[in-house]
Amino acid sequence: MRPPELSLELQFGEFRGADKHRALLRPARVRRWMAPALARDGEITVRIVGEDEGRELNRHYRGKDYATNVLTFDYTVEPVVSADLVLCGPVVAREAAEQGKTLEAHYAHLLVHGTLHAQGYDHETGERDALEMEALEILVLGSLGYANPY
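Here the sequence shown is numbered in our numbering, starting from 375 and rising by one per residue.
By construction, these hints were calculated from the structure, which means they are not laboratory data.
Quantities reported herein were computed from a predicted structural model and do not represent experimental measurements.
All clues given are correct.
Simulated DEER-style distance windows between Cβ atoms:
#1 414 - 383: 14 to 22 Å
#2 398 - 375: 29 to 37 Å
#3 513 - 437: 27 to 35 Å
Even for Gly, the Cβ is constructed at its ideal location relative to N, Cα and C.
Turn these sequences into a full structure, and let the hints steer you where they fit.
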């Protein structure tokens with residue numbers, strides 16, 4: 375059985391420091407982080423945005439008036455996972471520093487996290503679901519050489 379294939383589109387909005395994020399988030403690296411979290415073929419767009427765009431999307435789609443680290447817009451799960459992941463670069467960088475993680479490790483975690491959300495995993499539906507999702511994140515990140523993010 376072949377591993378799932380990932381068709382990836384990577385986009386960057388305009389924000390201060392975007393060049394640093396663009397240099398880190400090369401398509402091959404992003405694909406390497408996300409692919410092991412896929413159970414089936416996927417078509418996923420990843421967009422890295424600034425705080426203004428992140429806040430506007432979070433307010434419009436979730437009713438929360440702040441920029442969050444990752445938003446997942448899942449469209450289909452079968453036969454192909456189809457989704458958009460929006461990560462707010464400044465929030466990701468701030469969280470990484472606060473948590474004592476590298477920017478690379480935090481992006482890897484959030485991209486795995488968003489990829490799982492795109493397949494229907496949800497940590498906000500109950501403790502059991504949260505533990506299942508966290509266990510998968512830890513397993514995938516460990517296979518990629520990253521420490522437990524929790």
